[in-house]
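Work out the full structure, taking the sequences as your base and the hints as a guide.
One line per chain: the protein sequences are F and Y, in this order.
Going by my numbering, the first sequence opens with residue 173, and the numbers climb by one from there.
Going by my numbering, the second sequence opens with residue 744, and the numbers climb by one from there.
Calculated directly from the structure, the hints in this document are not laboratory data.
All residues carry an ideal CB built from backbone N, CA and C; glycine is no exception.
A few of these clues could be false.
What the hints assert, rightly or not - Computed spacing ranges between beta-carbons, pair by pair:
#1 F/325 <-> Y/891: 38 to 48 Å
#2 F/216 <-> Y/889: 55 to 65 Å
#3 F/245 <-> Y/888: 37 to 47 Å
Claimed, not checked - Here are some of the chain F residues that sit facing chain Y, going by a computed Cβ distance under 7 Å:
#4 195
#5 204
#6 208
#7 261
#8 262
#9 263
#10 303
#11 315
#12 319
#13 333
What the hints assert, rightly or not - According to the in silico footprint, chain F covers these stretches of chain Y (three or more CB under 8 Å from chain F):
#14 758-764
#15 849-861
#16 874-887
#17 912-921
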Amino acid sequence: MIALWFASAAPAGTAGLGVGVMAARGAASPRLGGQWMGWASVAPRPWGVAVEVAGWRRVDGAAPYVEGESVYRMSRVAGRAAAFGELALGTHATTFHLGLGPALIVTRSRVQYAGADVTDTAPSGAVAGRLALDGPLAGGVGWQFRVGGAVHATGSVDYDTALGLGVAF
Amino acid sequence: MRWLALLGSAGCSSLATLHGARTLDPGEVQVGVAASVQHGNNPLTSELAFLPQLELAARVGVDEDVDVGMRAYLVGAGGDVRYRFHHSDTFDLATAPGLDLFYLPTVGGSAQLRTPVLGEWIVSRSFSVGGGPALLLRDQWNRVKVEGETGTSARLDVFLGGGGRLQVLAGPVVFGAALDVYAQPARRAGPAWSAGVDLALRTPPKRPPPPPPEPSE
Numbered sequence: 173m174i175a176l177w178f179a180s181a182a183p184a185g186t187a188g189l190g191v192g193v194m195a196a197r198g199a200a201s202p203r204l205g206g207q208w209m210g211w212a213s214v215a216p217r218p219w220g221v222a223v224e225v226a227g228w229r230r231v232d233g234a235a236p237y238v239e240g241e242s243v244y245r246m247s248r249v250a251g252r253a254a255a256f257g258e259l260a261l262g263t264h265a266t267t268f269h270l271g272l273g274p275a276l277i278v279t280r281s282r283v284q285y286a287g288a289d290v291t292d293t294a295p296s297g298a299v300a301g302r303l304a305l306d307g308p309l310a311g312g313v314g315w316q317f318r319v320g321g322a323v324h325a326t327g328s329v330d331y332d333t334a335l336g337l338g339v340a341f
Numbered sequence: 744m745r746w747l748a749l750l751g752s753a754g755c756s757s758l759a760t761l762h763g764a765r766t767l768d769p770g771e772v773q774v775g776v777a778a779s780v781q782h783g784n785n786p787l788t789s790e791l792a793f794l795p796q797l798e799l800a801a802r803v804g805v806d807e808d809v810d811v812g813m814r815a816y817l818v819g820a821g822g823d824v825r826y827r828f829h830h831s832d833t834f835d836l837a838t839a840p841g842l843d844l845f846y847l848p849t850v851g852g853s854a855q856l857r858t859p860v861l862g863e864w865i866v867s868r869s870f871s872v873g874g875g876p877a878l879l880l881r882d883q884w885n886r887v888k889v890e891g892e893t894g895t896s897a898r899l900d901v902f903l904g905g906g907g908r909l910q911v912l913a914g915p916v917v918f919g920a921a922l923d924v925y926a927q928p929a930r931r932a933g934p935a936w937s938a939g940v941d942l943a944l945r946t947p948p949k950r951p952p953p954p955p956p957e958p959s960e
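What follows is the structure, encoded as structure tokens:
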């Protein structure tokens, strides 16, 4: 199975949808959040370009030590669009990507505390980086594994990883 | 039970780099042991000078430029797939994404994703220098008891840094020495490091080794 991932000829690119997890520095409790993402990548080695859109939702509690007794509840829903210029290398059909580029992240935060319920939506510019592997499976199906992060203009940092399936072209 | 919690908290991660970028040939097998001292790889060792870590590691070549690794350590285990995405006579580049898991019902557990990018400079047939940057994301959850209530404390650890490694190959014997240093940007917990040595046995190569680099004039 593993050998299959690296078999056949290198595609011009891949695109698809994936799921993963993300976490952020600076949260009350840096728990993981679920993530979905879409990507498209074109990699005429040794260079490539890629675009990604991703969304995630996280819920933090300030008192995670006692289950069900959080002092306050904070949830975040965020979306990110990013473009990457990449180094793209490979000795097989699987391509290694190391990319850096700009990102726009829109975060909607909701804090419930002592009867108050405050919601705030804020866009943030960011610099995103990613390490990814992608390639073809059988029948034109493509796959991707990625791990990366984004440093917001505000200084906060997101980390995320995802695995996806799509097409190889 | 206290010793179990201590052991679990102390040993649920290893920061040691156990290999370079040059993958095993298809069918080739390498099995070894590693010993290291580590600091900052979990909250307990952040309060101590260092703690020892022991590992059993094995790799199997599954395709050209691709091998699979497994490691078991105090306390946890994991695996990775190493893909050499660039190679020449004297320099290789690879990545080896892997997942480490640890779980004890009464203590908690962790899942750690490793994504190292490795370079290896082949100095001669028997000696190479390797290493590179790595990002480790670890989600850890500990069972805790506060005022009679039992719950779970979850935490994300991020290690951003890398390691360097010297490797000597003498016939079937592989000896390595590695130093890894990481920052912990998620928790601002200060640096974490590992220093260790490893010894492994490798099955004979199924093809002759590449010629050594030409000596420079």
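The hints, checked one at a time:
no.: 1; hint: F/325 <-> Y/891: 38 to 48 Å; result: 45 Å, holds
no.: 2; hint: F/216 <-> Y/889: 55 to 65 Å; result: 57 Å, holds
no.: 3; hint: F/245 <-> Y/888: 37 to 47 Å; result: 23 Å, violated
no.: 4; hint: 195; result: 4 Å, holds
no.: 5; hint: 204; result: 5 Å, holds
no.: 6; hint: 208; result: 18 Å, violated
no.: 7; hint: 261; result: 5 Å, holds
no.: 8; hint: 262; result: 5 Å, holds
no.: 9; hint: 263; result: 5 Å, holds
no.: 10; hint: 303; result: 6 Å, holds
no.: 11; hint: 315; result: 13 Å, violated
no.: 12; hint: 319; result: 5 Å, holds
no.: 13; hint: 333; result: 6 Å, holds
no.: 14; hint: 758-764; result: violated (count 0)
no.: 15; hint: 849-861; result: holds (count 3)
no.: 16; hint: 874-887; result: holds (count 4)
no.: 17; hint: 912-921; result: violated (count 0)
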